[in-house]
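There are 2 protein chains.
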Amino acid sequence: MQHVRVIAFDADDTLWHNEIIFERVHERYRELLAHYHDTATVDRTLYATELRNLELYGYGVKGFTLSAIETAIELTEGKIGAEEIRLLLQQGQAMLRHPVELLDHVAATLPALADRFELWLITKGDLRDQERKLEKSGLREYFRAVEIVSEKDDATYAAILEKRNTKPAEFLMVGNSLKSDILPVLALGACAAHVPYSLTWEHERSTALPEAPGRFFTLTHLGELPVLLNC
Amino acid sequence: MQHVRVIAFDADDTLWHNEIIFERVHERYRELLAHYHDTATVDRTLYATELRNLELYGYGVKGFTLSAIETAIELTEGKIGAEEIRLLLQQGQAMLRHPVELLDHVAATLPALADRFELWLITKGDLRDQERKLEKSGLREYFRAVEIVSEKDDATYAAILEKRNTKPAEFLMVGNSLKSDILPVLALGACAAHVPYSLTWEHERSTALPEAPGRFFTLTHLGELPVLLNC
Chain R
1 MQHVRVIAFD ADDTLWHNEI IFERVHERYR ELLAHYHDTA TVDRTLYATE
51 LRNLELYGYG VKGFTLSAIE TAIELTEGKI GAEEIRLLLQ QGQAMLRHPV
101 ELLDHVAATL PALADRFELW LITKGDLRDQ ERKLEKSGLR EYFRAVEIVS
151 EKDDATYAAI LEKRNTKPAE FLMVGNSLKS DILPVLALGA CAAHVPYSLT
201 WEHERSTALP EAPGRFFTLT HLGELPVLLN C
Chain L
232 MQHVRVIAFD ADDTLWHNEI IFERVHERYR ELLAHYHDTA TVDRTLYATE
282 LRNLELYGYG VKGFTLSAIE TAIELTEGKI GAEEIRLLLQ QGQAMLRHPV
332 ELLDHVAATL PALADRFELW LITKGDLRDQ ERKLEKSGLR EYFRAVEIVS
382 EKDDATYAAI LEKRNTKPAE FLMVGNSLKS DILPVLALGA CAAHVPYSLT
432 WEHERSTALP EAPGRFFTLT HLGELPVLLN C
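Residue numbers (my numbering), protein chains in the order written: chain R, 1 to 231; chain L, 232 to 462.
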């Protein structure tokens, strides 16, 4: 591997659980609409609404909640009641208040790495929600830089590296999304370590197989990172 | 005035119109609920919901839309129909799609200042919405730094100045909100120019009168800034 000086981490489903919370909300959402439509129709329509609104809302719980309400009205042809919409609002607020549960090995690995590397956090989503999760996580002190961005593509990473005077050859990105954490970083010539999470939101799925010998790695969990870095 | 090297601008209601868009939406909101409650009750309840949710949602159109739906259900005791909630969703999307209208003098003043000072943008709100407005404004090229933050208090400004190696004595903040743009900046020892907007959201109102001779200025419009800076 190239000589890494800076390691950046994705947050949701890399450092702490996130998709599992959405998945539980999806289950309750399907139950709420079970009188009207089968699971597949509910899932497909909600996802279509989310994609249609993504450019406007961006990522995060607030946009998801708005799309869930819009979809519920559409799928019930306006028959859904205000009480059920209130439930969706409450569910969104419960997601924002949800405790942060770190993934295995995170609590031990980050302090060890912070002694030897400069650590950054690069995440997308609601600004305040991500800041709150970082505070709740107890990990804030290990990061020299925190970037909450609206999209994680080649241009985003290039701008962050330039702003922080960091060459791609010195940079390793660690995350669970091939699409957002791995492919754009490899495209810049940097290193990337993929740590798959058990669930992946449809929008983050990628079938592209990274071709970057010596720069792309797959880990079972974050605890394998020090071994990869020979430390 | 101190020797200013960096000028930072607030965005909403400093560079472009914003509160007027919320005000028009408020008018339609009052009409929607006019069957149930008088204007004062609607306004008071919506504002109370917004404040209660501010810590959770942060600033911006998405949080406002969620609070407006919650308030409408509360004020109608669940009698509001799905069609009316759909209208609120559409109104929120229309706000996000709204064209950016620059305030007078902004288009001519920023390029002139950008030749002589380092210009920054410091704004709060939805990440993606603020980025989109900045792109639509055509002003992006004049800013050397763009900071979209979840709160504008003393700690926020201190962190930005430190990160960008800028002393308070070199810094001038320009904005329409005494609470968010002026008072915290004066507290750090920097300069601040207040450019009042015709409308101010209740949450941004302040009765505190800045006491900072030689560091606090009030302007009628942004076109007065070059004169203040003797350029």
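You may find that some hints are simply not true.
Label pairs and their calculated CB-CB ranges [unchecked claim]:
1. L:LEU460 x R:ALA108: 48 to 56 Å
2. R:LEU209 x L:HIS434: 30 to 38 Å
3. L:HIS434 x R:LYS136: 19 to 27 Å
4. R:LYS163 x L:VAL458: 30 to 38 Å
5. R:ALA114 x L:ASP269: 38 to 46 Å
6. R:ARG97 x L:GLU433: 53 to 61 Å
7. R:THR41 x L:THR272: 26 to 34 Å
8. R:ARG52 x L:LYS367: 57 to 65 Å
9. L:LYS310 x R:LYS136: 33 to 41 Å
10. R:LEU228 x L:ASN461: 53 to 61 Å
11. R:LYS167 x L:HIS234: 41 to 49 Å
12. R:LEU228 x L:GLU393: 57 to 65 Å
Since the hints were made in silico from the structure, they are not lab data.
Fair warning: this is a prediction, and the values are worked out from it, not measured in the lab.
Built from N, CA and C at the ideal position, the CB exists for glycine as well.
We went through each hint and held it up to the structure:
no.	hint	verdict
1	L:LEU460 x R:ALA108: 48 to 56 Å	holds, 53 Å
2	R:LEU209 x L:HIS434: 30 to 38 Å	violated, 50 Å
3	L:HIS434 x R:LYS136: 19 to 27 Å	holds, 25 Å
4	R:LYS163 x L:VAL458: 30 to 38 Å	holds, 33 Å
5	R:ALA114 x L:ASP269: 38 to 46 Å	violated, 57 Å
6	R:ARG97 x L:GLU433: 53 to 61 Å	violated, 25 Å
7	R:THR41 x L:THR272: 26 to 34 Å	violated, 40 Å
8	R:ARG52 x L:LYS367: 57 to 65 Å	violated, 20 Å
9	L:LYS310 x R:LYS136: 33 to 41 Å	holds, 38 Å
10	R:LEU228 x L:ASN461: 53 to 61 Å	holds, 57 Å
11	R:LYS167 x L:HIS234: 41 to 49 Å	violated, 35 Å
12	R:LEU228 x L:GLU393: 57 to 65 Å	violated, 33 Å
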